[in-house]
Amino acid sequence: MATTTYTPPGGVSNTLHNAWVGIKKIPPVFPVFFLIFIVLGFLNPVKYQSMNGIMTFLRTAAPLAVLAVGQMFVLASGGFDLTVGAIVTFVVLVSSKLLANDPANAFPAIMMMLGAGVLIGLVNGLVVSYLKVPSFITTLGMMLLVRGAALYYVGGAPQGYLTDNWRAFGRNYFENVPVFERVPYALLVMIGVAILSYILFNRTNYGKQILAIGDNVRASQLSGVRVRLVRVLTFIFCALMAIIGGIMIGGYGGVNVTIGEGLEMQSIAACVVGGVLLGGGKGSVPNVIFGAFTLQAIVNLLNMLGLPKPYTDVVQGLIIIGAVAYVGLSSQKKR
Amino acid sequence: MTTITASDSWFKRTTRSIHIPPVFIFLVVTFLVSGLLDQFYSDGQIFSNPAIMMNIIVRSVALGIVAVGQTLVILGASIDLSVAFTISITAVMSSYIMKGETANVPVALLAVFAIGAIIGLTNGLVITKLKVSPFIATLGVSLIVKGIINATFSNYTGSVPKSFEYFGYGTIGSIPVSIIIMLLVFLAGWFLLARTKFGAHLYGVGGNSEVARLSGVRTDRVLIGAHIICSMTAVLAGIFLVSQMRSGAPWVGPNGLYDLNSIATVVIGGTALSGGKGGVWGTLAGVLIFGILDTTFNQLGVNPYLKMVLRGAIIVLAVASYTIRSKKEAA
Numbered sequence: 001m002a003t004t005t006y007t008p009p010g011g012v013s014n015t016l017h018n019a020w021v022g023i024k025k026i027p028p029v030f031p032v033f034f035l036i037f038i039v040l041g042f043l044n045p046v047k048y049q050s051m052n053g054i055m056t057f058l059r060t061a062a063p064l065a066v067l068a069v070g071q072m073f074v075l076a077s078g079g080f081d082l083t084v085g086a087i088v089t090f091v092v093l094v095s096s097k098l099l100a101n102d103p104a105n106a107f108p109a110i111m112m113m114l115g116a117g118v119l120i121g122l123v124n125g126l127v128v129s130y131l132k133v134p135s136f137i138t139t140l141g142m143m144l145l146v147r148g149a150a151l152y153y154v155g156g157a158p159q160g161y162l163t164d165n166w167r168a169f170g171r172n173y174f175e176n177v178p179v180f181e182r183v184p185y186a187l188l189v190m191i192g193v194a195i196l197s198y199i200l201f202n203r204t205n206y207g208k209q210i211l212a213i214g215d216n217v218r219a220s221q222l223s224g225v226r227v228r229l230v231r232v233l234t235f236i237f238c239a240l241m242a243i244i245g246g247i248m249i250g251g252y253g254g255v256n257v258t259i260g261e262g263l264e265m266q267s268i269a270a271c272v273v274g275g276v277l278l279g280g281g282k283g284s285v286p287n288v289i290f291g292a293f294t295l296q297a298i299v300n301l302l303n304m305l306g307l308p309k310p311y312t313d314v315v316q317g318l319i320i321i322g323a324v325a326y327v328g329l330s331s332q333k334k335r
Numbered sequence: 001m002t003t004i005t006a007s008d009s010w011f012k013r014t015t016r017s018i019h020i021p022p023v024f025i026f027l028v029v030t031f032l033v034s035g036l037l038d039q040f041y042s043d044g045q046i047f048s049n050p051a052i053m054m055n056i057i058v059r060s061v062a063l064g065i066v067a068v069g070q071t072l073v074i075l076g077a078s079i080d081l082s083v084a085f086t087i088s089i090t091a092v093m094s095s096y097i098m099k100g101e102t103a104n105v106p107v108a109l110l111a112v113f114a115i116g117a118i119i120g121l122t123n124g125l126v127i128t129k130l131k132v133s134p135f136i137a138t139l140g141v142s143l144i145v146k147g148i149i150n151a152t153f154s155n156y157t158g159s160v161p162k163s164f165e166y167f168g169y170g171t172i173g174s175i176p177v178s179i180i181i182m183l184l185v186f187l188a189g190w191f192l193l194a195r196t197k198f199g200a201h202l203y204g205v206g207g208n209s210e211v212a213r214l215s216g217v218r219t220d221r222v223l224i225g226a227h228i229i230c231s232m233t234a235v236l237a238g239i240f241l242v243s244q245m246r247s248g249a250p251w252v253g254p255n256g257l258y259d260l261n262s263i264a265t266v267v268i269g270g271t272a273l274s275g276g277k278g279g280v281w282g283t284l285a286g287v288l289i290f291g292i293l294d295t296t297f298n299q300l301g302v303n304p305y306l307k308m309v310l311r312g313a314i315i316v317l318a319v320a321s322y323t324i325r326s327k328k329e330a331a
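One line per chain: the protein sequences are A and B, in this order. Letter by letter, the first sequence follows residues 1 to 335 of our numbering. Letter by letter, the second sequence follows residues 1 to 331 of our numbering.
If you're looking for bench data, these hints aren't it; they were derived computationally from the structure. Ideal Cβ positions, reconstructed from N, Cα and C, are used throughout, including at glycine. Be aware that one or more of the hints could be misleading.
What the hints assert, rightly or not - Derived pair list, reagent style SDA-like, types lysine to any residue, alpha-carbon separation capped at 20 Å:
1) B/Lys307 <-> A/Gly156
2) B/Lys328 <-> A/Ser129
3) A/Lys132 <-> B/Lys131
4) B/Lys327 <-> A/Val217
5) B/Lys327 <-> A/Tyr326
6) B/Lys327 <-> A/Leu222
7) A/Lys47 <-> A/Arg182
8) A/Lys282 <-> B/Lys131
9) A/Lys282 <-> A/Gly322
10) B/Lys129 <-> A/Ser330
11) B/Lys328 <-> A/Val217
12) B/Lys131 <-> A/Tyr326
13) A/Lys208 <-> B/Lys327
14) A/Lys132 <-> B/Lys327
15) B/Lys328 <-> A/Leu126
Unchecked claim - Footprint (simulated), chain A over chain B, 3 or more residues, beta carbon under 8 Å:
16) 54 to 67
17) 95 to 105
18) 235 to 248
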């Protein structure tokens, strides 16, 4: 940092104070995640204190992290994207038919899915920008449309299976890697997405403009931001992330008509746990990724404690309310 | 708002002076187009058979009742995503408590309305006191309620007594009781909004909460009140559904997509998602549009998945017909 801070001479209390100020700046999602992960490690050392176990965890958590990063771009610009879950269903169902059980079709199928993602995002963005339909309603309608189209295309039931090479992104590992033992493809995809989106969000004008729009549309418009272009790009980015996440989820979970259900809300929840404000103007790629990890760790923790699945919903509900209440109340105190 | 000038056409002047929201025009168009399609491609029942009209309205009852509550919270610049699972918990709990005995009905009703009040109160308190955005607050509460029902019930539970089916199937003269109740709920919603202090305050809170607060409105109480009423309408819808189904199941609410559908009908009805503008009659038109579309799709034998696609497209286009002229950027 270029800022010069005045440090008064000596004094342990001062060093402590400075350390405390530094600690307070750490977003709560990091300590919360590590706390949960340490508890997991104590409860099941074999699974969560080995490199192998950590990699397995990251493989499961990576898809939600990718979805959440896409969602964060839209949330930061002040909108919502409810199509995320439907896009995941779309990817899995339509791919199951496009692949026609032939591994040679995997590459073209993935390319077509990415193309479909661009198209869905483009429609979302254009409808919000030019027809001025609030994104909540636009993406709600598109959610029905995308899910309906996928089910219509496959006739209501999965056609064929997903070939092994298509599923590799969500399922496979690079074996015998030094230090890490084995590295899931999903983790590498997620790291790629993370780096790309970090650069987009923090190091480009585009990223700054997303935040500007989320903060104050009128002001950013007057200062020359091309609001509509930025919005359209943001929805396309989110839809692409949903496609990539969908390929990972399908790889991990296989074909299932309800595979994407509820993921739009989960991705929003991950963002919220990562400190994103609904209504826009705030966001951070690493925090959101750890928000997704935290949600996944909680699910694993509850499973390990033997709580039936429904209670996971209860705890997730409490967590997301708690996370937002914490942010809301602490920012209120400052004022 | 709308000024009437002499240069406008006769039609424009008339429609503006009697304030027909565009959604009613949309409703008439939907009805005419549906009827014509039905005439040409099916047996033409929509135009010729009054029973099918009645059926359209009966199909809309559950959605209509929740949509009134949803209109209130959206007018207050809030939103309620927990209505679907409130409907589920009502349906399951009431049939669980009734166990087919008429004697248990009052207890069951008391219990479900109490549950509804608690859910609404929680929503309201979390939003106003913990400063959680309404979307997240009600999503969280919805997850909590979902978890609780799914942990306790997994399938059809209990049953309602024969006498209780009157709500779902009874008629007064030739008009189904359910329709009358729905219309009463709409009337009550209208009365609350147009004729009471609460309604005026709610518009104020939705329009500009800070201004309302500074002019002496107890904004928190108003919003909490709106949320309690909204949950109550969800409970009433749940009671109607269980009286039709004869037994409650935990998937009633989410399968009917009552959360998102009610929001969609409210917005199609011309109530702004940002709050402070709109009313219940537009919502009624929105609900009827959904009912007509459903019936038409059935009449024409449209593929169920294609139905979903059309529904999605129509929601977006219907809302676009209002917003397209707006000068403000949407988010």
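Cross-check of the supplied hints:
1. B/Lys307 <-> A/Gly156: holds, 13 Å
2. B/Lys328 <-> A/Ser129: OK: B/Lys328 and A/Ser129 at ~10 Å, within 20 Å.
3. A/Lys132 <-> B/Lys131: This hinted pair is violated, its Cα atoms lying about 28 Å apart.
4. B/Lys327 <-> A/Val217: holds, 12 Å
5. B/Lys327 <-> A/Tyr326: At roughly 36 Å apart (the allowed maximum being 20 Å), A/Tyr326 and B/Lys327 break the hint.
6. B/Lys327 <-> A/Leu222: Distance ~14 Å between B/Lys327 and A/Leu222 Cα, so the pair holds.
7. A/Lys47 <-> A/Arg182: holds, 14 Å
8. A/Lys282 <-> B/Lys131: holds, 17 Å
9. A/Lys282 <-> A/Gly322: Holds - the C-alpha atoms of A/Gly322 and A/Lys282 are around 18 Å apart, at most 20 Å.
10. B/Lys129 <-> A/Ser330: holds, 13 Å
11. B/Lys328 <-> A/Val217: Cα-Cα ~9 Å, so holds.
12. B/Lys131 <-> A/Tyr326: holds, 9 Å
13. A/Lys208 <-> B/Lys327: Given that 20 Å is the threshold and the Cα spacing comes to 24 Å, the pair is violated.
14. A/Lys132 <-> B/Lys327: holds, 9 Å
15. B/Lys328 <-> A/Leu126: Since the Cα atoms of B/Lys328 and A/Leu126 sit roughly 15 Å apart, the hinted pair holds (cutoff 20 Å).
16. 54 to 67: violated (count 0)
17. 95 to 105: As far as the stretch 95 to 105 of chain B goes, the hint is violated, because 0 residues have Cβ atoms under 8 Å from chain A.
18. 235 to 248: violated (count 0)
Hint check: violations occur at hints 3, 5, 13, 16, 17 and 18; the rest are consistent with the structure.
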